[in-house]
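Protein chains: 4
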Amino acid sequence: MKKKITKIGVLTSGGDSPGMNAAIRAVVRTGIYHGMEVYGINRGYSGMVDGDIHRLEGRSVANIIQRGGTFLKTSRCAEFFTKEGRKTAYDNLKKHGIEGLVIIGGDGSFRGAQIFSNEYDIPCIGLPGTIDKDIAGTDFTIGFDTAVNTAVEAIDKIRDTADAHDRLFIIEVMGRDAGYIALHSGISTGAEHILIPEKKTSVEDLIASLKEKERRKKLVNMIVVAEGEDFGGADELAKHIKKEMPHQELRVCILGHIQRGGSPSCFDRVIASRMGYHAVECLMEERFNVFIGIVNNKMHYTPLDEAVKKKQRISEEWLKIVKILAT
Amino acid sequence: MKKKITKIGVLTSGGDSPGMNAAIRAVVRTGIYHGMEVYGINRGYSGMVDGDIHRLEGRSVANIIQRGGTFLKTSRCAEFFTKEGRKTAYDNLKKHGIEGLVIIGGDGSFRGAQIFSNEYDIPCIGLPGTIDKDIAGTDFTIGFDTAVNTAVEAIDKIRDTADAHDRLFIIEVMGRDAGYIALHSGISTGAEHILIPEKKTSVEDLIASLKEKERRKKLVNMIVVAEGEDFGGADELAKHIKKEMPHQELRVCILGHIQRGGSPSCFDRVIASRMGYHAVECLMEERFNVFIGIVNNKMHYTPLDEAVKKKQRISEEWLKIVKILAT
Amino acid sequence: MKKKITKIGVLTSGGDSPGMNAAIRAVVRTGIYHGMEVYGINRGYSGMVDGDIHRLEGRSVANIIQRGGTFLKTSRCAEFFTKEGRKTAYDNLKKHGIEGLVIIGGDGSFRGAQIFSNEYDIPCIGLPGTIDKDIAGTDFTIGFDTAVNTAVEAIDKIRDTADAHDRLFIIEVMGRDAGYIALHSGISTGAEHILIPEKKTSVEDLIASLKEKERRKKLVNMIVVAEGEDFGGADELAKHIKKEMPHQELRVCILGHIQRGGSPSCFDRVIASRMGYHAVECLMEERFNVFIGIVNNKMHYTPLDEAVKKKQRISEEWLKIVKILAT
Amino acid sequence: MKKKITKIGVLTSGGDSPGMNAAIRAVVRTGIYHGMEVYGINRGYSGMVDGDIHRLEGRSVANIIQRGGTFLKTSRCAEFFTKEGRKTAYDNLKKHGIEGLVIIGGDGSFRGAQIFSNEYDIPCIGLPGTIDKDIAGTDFTIGFDTAVNTAVEAIDKIRDTADAHDRLFIIEVMGRDAGYIALHSGISTGAEHILIPEKKTSVEDLIASLKEKERRKKLVNMIVVAEGEDFGGADELAKHIKKEMPHQELRVCILGHIQRGGSPSCFDRVIASRMGYHAVECLMEERFNVFIGIVNNKMHYTPLDEAVKKKQRISEEWLKIVKILAT
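Chains as they are written, first to last, in the numbering used here: chain A, 84 to 410; chain B, 84 to 410; chain C, 84 to 410; chain D, 84 to 410.
Looking at chain A on its own, in the form it has when it is part of the complex (with noise of 0.2 angstroms):
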C-alpha cells in the first residue's frame, strides 16, 4: 500500500494571473488543515531547479487573497525542458522531502508537469491560471473574469472620449490564442465590431459596414481586437482604415498589462479557493496527474497529458448577440 503524501509543494508558473494568490492561499490551508507541510517554490519550475523553496504556514499566507500578482513569483523555466534540469528540480525536492506538487499555470506548465512527473515519482496537480481563458476541460480559468473587468473598466472610460469627440477608437485586448476577453469585454462594452482569432476577420466587410455607419451619421464606434486576431491586431487594421477612409478620426488603444493584474474579482477568488481546496483533496485521494476544472459547476479533472490549449469554436448565437446588439 502506498504511503501518505504528507509534504507537497506549490509553484506559480507561467505569465501570472489575478487569483494566483488565493489560490496558493488555499493549498496552504487545505493541506496544513490536513496535517501536511506545505513548501513554496519560487518563481515556477526555477524555483525548483535553483532549489529555490521554503516552508510556508498558515499565517504565511495571510493577507494575500486580495493581491494580484503571485507572491510566489513566476516565470518561464527553458531548464526544466531539459533532462538535466528535471534531474535538478528532483533532487531539489527530495531534500526537503517533497512528495507531491500543485502547479498554478496554463497548459504549456501541464505539459512540464505531466513530463516531470512521466520521469520521477512525483504526483502533480494543475489548477488553470490564465487570464486567456484557452484549456480545454474547464469553464474557467483563474484571472479571465478579472481580466476582462479589467479591459471593460477600461474600454468604459475610452468611450467617454469616443462619445465627446465622436471618434472612431480600435481597441486591442490580450488573447494571442483565444478571443473570450475580446469577445465578453467587446459585448460588455457595446463594441460595434470585435476581431477573434476564432474567426477570419473580412476587413472589407469592416470597411463596409463603418461607411454605411457614416452615411447614417452613427458616430461613435469601438471596435475590440484580440491580440491574436489574423489581420495584423490594431496597429496593421488603423493603418488599412486610413489608407480606405483617410478622412476617419480613429485611435490606437492597446490595454497591454494591466490586463494581467489588480486585485481578483470575487469570482477569480472564490473559484480559486475551490480549485486550491481540491488539488489538496486529490493529492490525498490519489487521484494523481490531473489539473481541475469547472466544468458545469461542478469540479472536473483531466488528465494532464490531455492538458491542452482549447480550439473552441464561438458559438453562433454570440456572434448575433454581438451583430445584433451593437447596431
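Simulated from the structure, these hints should not be mistaken for laboratory data.
Among the clues, some could well be false.
All copies of an identical chain are treated as equivalent in the list; a pair is satisfied when it fits inside any one copy or across any two copies.
To be verified - Pairs of lysine-lysine, BS3-like flavour, derived with a Cα cap of 30 angstroms:
| id | residue 1 | residue 2 |
| --- | --- | --- |
| 1 | Lys294 | Lys392 |
| 2 | Lys296 | Lys403 |
| 3 | Lys166 | Lys283 |
| 4 | Lys326 | Lys90 |
| 5 | Lys381 | Lys325 |
| 6 | Lys166 | Lys178 |
Bear in mind the structure is a predicted one, so any value in this text is a computation, not a measurement.
Use these hints to put chains B, C and D onto chain A, whose structure you have.
Below, chains B, C and D alone, put in the same frame as chain A:
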C-alpha cells in the same frame, strides 16, 4: 394560426439590480432587429397601471449598458395585485397595441406576470434581475456578480482597518432569504465566520471559536453576516459578543444600499445581454410565460407559475472551505 | 554643539488613514539615504511602552506605498498618558539608541508627543494622518482625499438606486468634529442637503425644503450627514422626517469604516511622501517638535504644543454652492 | 450703463477631461439661479459655427456630475480660427440672444475666445479643463486629479506583474508638454525613474543606474515616461535599453486614452463646481475675458490674452524625493 407579435413592452420591477439597463438594451435592440416596435414601461407595473409608456428606439438605449440602476425606473406596485389594477394595465397596453411583455425582476414580479397573463392574452417573459440570486431555475441572476464584487471591495477596505487595529469586525451584507452574497463575499475576503439564513446560527460555537482564536493570539477577525441570518443580524450579534467577551474591541458595518448600485460587472452585462436577446426570441418562437435562466451555461426556461424563491441547501463543500481557509 | 541624530523611530498612532504606509516608506528611505538607522515602532505608543520595536531597511517598505491601513499597526494607548508609561517608553527607545521620533497621527497623538518631548530629550516630528482633515496648520491631511473619494464612489452607487426608485436617501459619512468629508462628498454627488457639525442644523428648514421639492415633483433627494452633526445623525433625522412626512419613502445608509481603508489616492500618496521626506529633514536641521503641514502648496511647520483641532467656519461661498447646484 | 447679461452660452473645447460635466452643470444651475437663460453649444466652437445650440434647464444637467467626458461633446475647430468662421459663430449666438460665453478647455481654446471677444462684443470666461495641468495661472486644472489617479491605478496593476516576473517595465503616460502626470503618478507608484519634458533625459545616467541596480539584484524596476519626454518616448527608450542591456527582460506599456475618461474624482468635481459657479459670478460682476484658476486655494483670475502653456521648472525638492524614495 396565431399572428406574429409585432409590438412588445419591457419593464423593470421590484428592487433594482446592476445589469438591468444592459437587459433592457438587449430587449430593445433585438426587438427592433426583428422588425418589432418596442415600448418602455416606466416604474414597473405602476407604469402599466398609470399608462406611463413610451416608444423606444435603438438610440434610446445607447450608452446605458455600463450604468447601474434602471433608466426605466422600478417600483413595487400594490395596485397591480388587484383585479381592477390589472384591468387598467391591460387597457393601457392595448392603447399602444402591445402584444407581449418582458419583465425584468424577481420571483414576486414573475408571479404578478403569471396572474396577468392568465387573465389577459398577453404573453410574458421573465428575466431574473436581483442581486440575491435566490430564484430556482437559474445559476445566475442579473446583478448578483456586481453586488458581490461591491461587497468584496468594501470588505477589503474594512480589513485594512481591522488589520491596523487588530479588531474584530462584524459586517452585514444583503440577503434576506439567501446567503449567497454573504457566502461568496466571505470566502473571497477570508472571513473567519459566515452566517447565513440557510443554516442555523450557533452563537455558542461562534463564541467558543472566537475565544479559542483569542487564546492563540489570532487578532484580526471578520464575521460576515447575511441580513436574513436567524440570530438577528450584525447588531444583535455584536451585543451578544460584547456580553460574552466584554474586553473584545469590535465594530459593526452594515454595507447597505451600496450593494445595489454601481456599474455592472462584465459578467452581469454579458448574461443580461444574452438573456435579453433570448427574451425576444422566446416571444417570436411562442415559448410563452416562462422566465429565462442560465443553467450549466445554457439557456433554461422555467414556466412563470413555477417561479419560487430558491430554498437551497448550501453544499457541505462550501462550508468546509470556509472553515479550513480562514484558519 | 549637539551631535547629529543617527537613529530614529517611526510610528502611526490613533485611527488609521490611507497613505500612512506611504509616509512611513518616505521616512524610512529618507532616513537611510542620510545614513540613519530607522526603527519601526508597532501599534503606536503601545509599541513604545511594550518595546515592540524593530529595525527597518529600505526593502522593508517595498511595495507598501499602494496599501491602505498601516503595516506598523496603530492603537490608542492610555498607558502613554501616564508618567510611568512614558518612562518605560523612553527606556525602550534608549535600548535601541533612538534619538528622534516621527509620529503619524492626529492632534491627540501630537499632544502625547509634546508631553513626551518635554519630559525626555527626544525630539518629535508630527505628520498629520487623519481622514477628517480637522487639524489647524495644514490644508490637507494624509488620508482625507482617499476617504472622500471612497465616500463619493459609495454615494454614486446609492444614487443609482435612489434614481431607480425615486426615493429619499440619508447618508451618514464620517466626521465627528469636522464636516469636510460631508461637504466635499455632498457637493461632488449633488446632494440636496449637507448637514455638518460646523453649522447648526435647522430641521424645520430641511423639512420645509423637502416639502417644497415634493410639490414640484423633484423626486430624488439625497441628504449627506456628518456623524457629528448636532441633530443626532442619520437615524434621528430619518425618524423626524418619517414623523413629519409619513408617506415619504426613505432609506438610511451609514457608510462607516469603508471610509478608512483602501488603496490611497495619488494625492494622498504624494503628500505623504513629501511630508515623510521633510520629517527627516526637520530632524536633521534641528527643527524640532513641530508637525508638518502643507499650506498654499508649501511646507508649513507648527509647534506641536499648538496642535489643536481645527475649528473653522465653513466659508459662505461653499454653502451657497451647495444650495445653488443641488436645485 | 451696461445692461445686465441675461443669456449665456457654455461649451467645452479641445481635448475632453473628466469633470467637464460637473463644470457645465455648475454654470447652468448658477446661471438659472440668477435668472439667466443658459444655452449649451455642442462640439465646442464647431457648434457655434454650425448653430448647434440649444436651451438647457436645471434638469438637463441632472445626474451628470459623476460622468466622464462631456455631454456637450467637444472638438477642435479650424473654421473658428478664420474671420468668416467667427462671423458665422457670432451671428448664431445673436440668433439666440446670447450675450456671454463660458468656455471650458485649454490654453488654445482660451486664445480662440480672446480673439473672438476682441472682434465681437461677447465677453468670455475660461475654465481650465485639461488633464495636463499645463496652464499658468492655476494650481489645478479640471481633470488632472482624475487622470493621474487613473494612471496610478493602471501602474499599480502593472507592478503586480512586474513583481511576479522580476521584469523592467517602461510605462508611458500622457503629457506632451508637461510632466505633471508622469511626476505625480511616478512618485505615487514608486517608479525608479521618471522622464519628463521639463528636464533633459540623460539616457547614459539611466543605463548606468539600471546596471548598478542589476548588480545589487534589485530586480523590479518601473520607469514612467511622459509622452513629450525628449529622448523619444517609451518605445525609443526600450530600443536603447535593449541594445545596451540585451539580457534585460523588459516590457513597454502605453497607457493612452484611458487617462482621459472615467468618473471624475471628488477633487475634480469640487473644483469644477466652484469654478463653474464663479464663471457666472464673473459675468454678473463684469469681470470679463478672464479665465478662472485656483491659486493657494483661492479663486484667481487671469486675463484671457495672458493664457499660455505653463513652462515651469520642476522644483528640486520633487526630483530629490523621486531619487531618494525609489532606492
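Verification of the hints:
1. In this assembly of identical chains, the alpha carbons of Lys294 and Lys392 never lie at most 30 angstroms apart, being 37 angstroms within a copy and 39 angstroms across copies at closest.
2. Taking the shortest alpha-carbon separations for Lys296 and Lys403, only the intra-copy value of 18 angstroms comes in at or below 30 angstroms, while the best inter-copy value is 46 angstroms.
3. For the identical chains of this complex, Lys166 and Lys283 are neighbours neither inside a copy (40 angstroms) nor across copies (51 angstroms), given an alpha-carbon limit of 30 angstroms.
4. Proximity of Lys326 and Lys90 under a CA criterion of 30 angstroms is satisfied in neither setting, with 62 angstroms inside one chain copy and 43 angstroms between copies.
5. Within a single copy, Lys381 and Lys325 get their C-alpha atoms no closer than 48 angstroms, and across copies no closer than 41 angstroms, so neither meets the 30 angstroms cut-off.
6. Within a single copy, Lys166 and Lys178 get their C-alpha atoms as close as 19 angstroms, which meets the 30 angstroms cut-off; across copies the closest is 55 angstroms, which misses it.
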